[in-house]
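Chemist: This is what each chain is made of:
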Amino acid sequence: MIGTLVAKDVKLFFRNRFFATVTGLALVLYLAIYFLLPLQTENSVGVAIHLEDPAASPEFRQRLAEEEDFTLFPSKDEMLAALEDTDDYFVGMSVPAAAAQAVARGESTTLQAFYAPDVPAEAKQVFHELLVFIANAVNPDLLARLAPIEETEFVLGHDLLGQPLSVRDRFLPLLLLAMVMTEVLGLGTLIVREIETGTARALLTGPLRLPTFLAAKIVTGLVLAMGQVVIVVLVTGKIVVSPLLLLTTLFLGSLLIVGMAFFIAAISRNNTSVLAWGTLTLILFLIPALSIMLPGLASGWMELVPSHYFADALHRVLNFQAGWADVARDLSLLAAAGPAALVIGGAVLRRRL
Amino acid sequence: MTSPAISVKDLSFSYGDNLAVDGISFDVAEGEVFGFLGPNGAGKSTTVRLLTGQLTPQAGTAELLGMDIVSERKKAQQEMGISYESTNLYEQLNAVENLNLFARLYKVADFDAMALLERVGLSGREKEHVANYSKGMKQRLMMARALVSRPRLLFLDEPTDGLDPVSTQTIHALIETATREGTAVFLTTHDMVEADKLSDRVAFIHEGRIVALDTPAALKQRFGMRALKAEVRLANGQTELREVALDESGTAQAVHDLFRNEHVLTVHSEEATLEDIFIDITGRGLQG
Amino acid sequence: MTMIQVSDLSLTYPGTRNPAVDGISFEVGQGEIFGFLGPSGAGKSTTQRVLCRLLQHWSGSVTVMDRSLADWGQGYFAHVGVSFELPNHYLQLTARENLKLFANLYPQDVTRSEDLLAVVDLTADADTRVGQFSKGMMQRLSFVRAFQHEPRLVFLDEPTAGLDPVNARRITDHLQTLRADGCTIFLTTHDMHVADLLCDRVAFMVQGRLALIDTPRNLRLAHGRKQVQVEYRTGEGQRQELFDLDGIGGNERFAELLRSEEIETIHTQEATLEDIFIRTTGEQLL
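Protein chains in written order, with this note's numbering: chain A, 249 to 601; chain B, -14 to 273; chain C, 177 to 462.
Isolated chain A, as found in the complex (with noise of 0.2 Å):
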């Protein structure tokens, strides 16, 4: 019985224009975007430095030159003025000659960094070890004993530092994220039709009982959910990093969405409500989501968005290799988010049939 119910479901899915079309459209078009994504790590963060001192180390000038990212300039006020006008760098410096010596010598004293006024508050920390070590490195010598700083580990959303990732890969659990979400609108706007045309009362009033109806929608809504993301999760080739841990996570995860969708639906008297409430959540969802790509943005809200687990836990499997126990917390706080959505959403939706 259920699998005629899905099968009409998932037959109605596909002809409802718009949804056939966005589900067709996102699918290429976020595999388009996938690939266009530069496959390079965005690590090129243009620093601007003056060194004061024309006495300092002339090997380290001569390297800091042939580095791309380094720029030396001739003054201070050049450099200044390179930092502001210009987006090629993030952080400019000026190493005073006595500074320079200090630092020779082994001794404390204190550097001056500009930022460019854009450079996100955790990242400015960053860069102020960065400095510290390459005005450290002004003097060669000292390389080796400053390993240390090495340690300082700063993790700007995960480990942006240790292992840089390419926009692509961080760029793929909002992606998968975005279209798990898609289908509350999907599967929302499947539901309340039901209703709004009475073909729920024409079903519920023969031999189907409701918890078959709801059983049915659950189903349905994972097959929309998860078919798209396992085709993307396939054709990148990501399905080989951890199969079995992919696949829990982007089922726990669409468990959840379905929760929502019935949550939406039950709350919702037509589609247009359907695609009004659907799209405020889409975007509450996908903030965390969000946060991975663009790390300034984490913030400790984003925590209380369920979202956020399922989009750390497909971050961590995708790009870190991740084991089961590193994503344990995500999947069990997931595990217990998605029920708890179906639960409330299906006794909601209850009282409307």
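Treat the hints loosely; a few may be bogus.
[As the list claims (entries may be wrong)] Short, incomplete list of chain B residues facing chain C, as computed with Cβ under 8 Å:
1. M52
2. V55
3. Q77
4. L78
5. N117
6. G121
7. L148
8. H157
9. A158
10. M177
11. F244
12. L250
[To be verified] Chain A regions said to be covered by chain B (calculated; three or more residues, Cβ under 8 Å):
13. 255 to 263
14. 472 to 482
15. 507 to 513
[Claimed, not checked] Listed next, the stretches of chain B that the computed footprint assigns to chain A, with coverage defined by at least 3 CB atoms under 8 Å from CB atoms of chain A:
16. 5 to 19
17. 58 to 71
18. 89 to 100
No wet-lab data here; the hints were simulated from the structure. The beta-carbon is built from N, C-alpha and C at its ideal position, and this holds for glycine as well.
Go by the hints and put chains B and C onto chain A.
Modeler: Okay, now just chains B and C, sitting in the frame of chain A:
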């Protein structure tokens, strides 16, 4: 003796303080068309919802083919076919898909959608999305869907409202075929002509209570005027109306004289119509 | 006086081959209720839309209230009322607010609203939001809206569909009163009972053409059988017998029945408009 198709005893339901159905009782026999008539808000829809298991009665019982609608709801629903007051078909599916879906849910063995569509006059258009259908076609498809499981109970809510006479005729023919096969039909309609034509018995419900229950013929006589109205053509070619009282001594002679002496164009005895009875019984005057 | 004069009206929708209306001609007199009948897709609503000035690209000539339809400006609607089948009201407004909104669109003073609300028994619900109305209540409100500005000509589509007999009779009674006051009504309906009750003349439209046009009475007589059916009660239940109307005065069996049996009903067998509809439109089921 088999139990009646529908047996209702002291059935009641209220929405908050509003007593919608107030202790009604009646039986419907197998193969009977039972017309359930009354003004809007009298409790018709609530009764249908109670009998089809969409609402749970607060008092009284309803047994369908001997099955209690509360404790054996799903079993009873398996035996029902329902045509709703507004069409609720899958508009993005075609007629065959709509019917097959329900055939599978009702587990109908060797279901032949095309044969059924032929009977409701929809073959030839069966591959089109229902969204493209006219109102009459949708209504006929809903009727076909109600018949998918060859139900022993049919609930029909305004099955021909706003339909052209040809579609109406098709639906009436389906109802007659079903009753010949022993199906009991519970018919709610505002069309008193339809109720008169189809129903073996009709019940009038008013403010939640059944206020009259009998065969249409008996009701029409009980409420009717015993008179005969005739239209006759005079020698000058004009027509004139004549009235003859019935049930009086000399009636037979008067009627016979009428036919013998006049050129009669039309003659009609003045039984009440169900419409007259409806207006009379439900007690709402037309003034104001 | 002629209210509507249509001659040789044709209309073909763009992208279709067959004309929706194919050279029809008819007249409707003032104070007449004119029934326009036929199956779905026969061209009824197209004709009605032309007469309501909702469609432009027709050919032929149409004169309404002594003026060519093309010459009428927006002033047309000061004299015309329209009520189509699907009630279209502002659901967030009350019944009175809906009426007021439309009343304000007319150049003349609109004074009939309250009377009409009473006629259709909506006075008590006049300050309720229309969103909470049942289908039948919306239908009755449409009726009030179509007539509140005292139009001379009204186009009505299924005015009694979905109404219980009490409310249906309120509407049909009032239409007869309006007719007596000289209002002309162009009625489309599938309810042959209503058409028979109300219409002075009916036209049957089939595939874009007018197949029949006459008074219901003439049609019923012309299409009926000249027979009388007598139903009587005997000890064993109800019986019926059929007699030819011609020569019935000398029919012995008929005379005997009248004398010896308890007669319940006597009816001549005119056709109903329903029979005529089905016969005229043939197998136009789809």
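Chemist: Please go over all the hints and tell whether each is borne out by the structure.
Modeler: Quick rundown of the hints versus the structure:
At a threshold of 8 Å, the smallest CB-CB gap from B/M52 to chain C is about 32 Å, leaving the interface hint violated. At a threshold of 8 Å, the smallest CB-CB gap from B/V55 to chain C is about 28 Å, leaving the interface hint violated. Proximity of B/Q77 to chain C is violated relative to the hint, the smallest CB-CB distance being about 20 Å (cut-off 8 Å). Hint on B/L78 is violated. Least Cβ distance to chain C is approximately 19 Å, over the 8 Å limit.
This hint is violated: B/N117 has a C-beta 11 Å from the nearest C-beta of chain C, more than the 8 Å allowed. Proximity of B/G121 to chain C holds as hinted, the smallest CB-CB distance being about 6 Å (cut-off 8 Å). Of the supplied interface hints, the one on B/L148 holds, with its beta-carbon coming within about 6 Å of a beta-carbon of chain C, less than 8 Å. Interface restraint check for B/H157: the shortest CB-CB distance to chain C comes to about 11 Å, outside 8 Å, so the restraint is violated.
Nearest Cβ of chain C to the Cβ of B/A158: about 12 Å, over the 8 Å cut. The hint is violated. Taking 8 Å as the C-beta cut-off, the interface hint given for B/M177 holds, the closest approach to chain C being about 6 Å. A distance limit of 8 Å between C-beta atoms decides the matter here; for B/F244 the minimum to chain C is near 5 Å, and the interface restraint holds. A least Cβ separation of about 7 Å between B/L250 and chain C falls short of the 8 Å threshold, and the interface hint therefore holds.
Restraint check on the segment 255 to 263 of chain A versus chain B: 4 residues with Cβ-Cβ distances below 8 Å, three needed, restraint holds. Coverage of the segment 472 to 482 of chain A by chain B is violated [criterion: at least 3 residues with CB-CB distance below 8 Å; count 0]. Given a C-beta distance limit of less than 8 Å, the hint that chain B covers the segment 507 to 513 of chain A is violated, as 0 residues qualify and 3 are needed. Only residues whose C-beta sits within less than 8 Å of a C-beta in chain A count toward coverage, and the segment 5 to 19 of chain B has 0 of them, not enough to reach three; the restraint is violated.
Under a criterion of three residues with beta carbons nearer than 8 Å to beta carbons of chain A, the stated coverage of the segment 58 to 71 of chain B is upheld, 7 such residues being counted. With 4 residues having a Cβ less than 8 Å from any Cβ of chain A, the segment 89 to 100 of chain B passes the three-residue criterion, so the hint holds.
Hint compliance for this structure: hints 1, 2, 3, 4, 5, 8, 9, 14, 15 and 16 are broken, all remaining hints hold.
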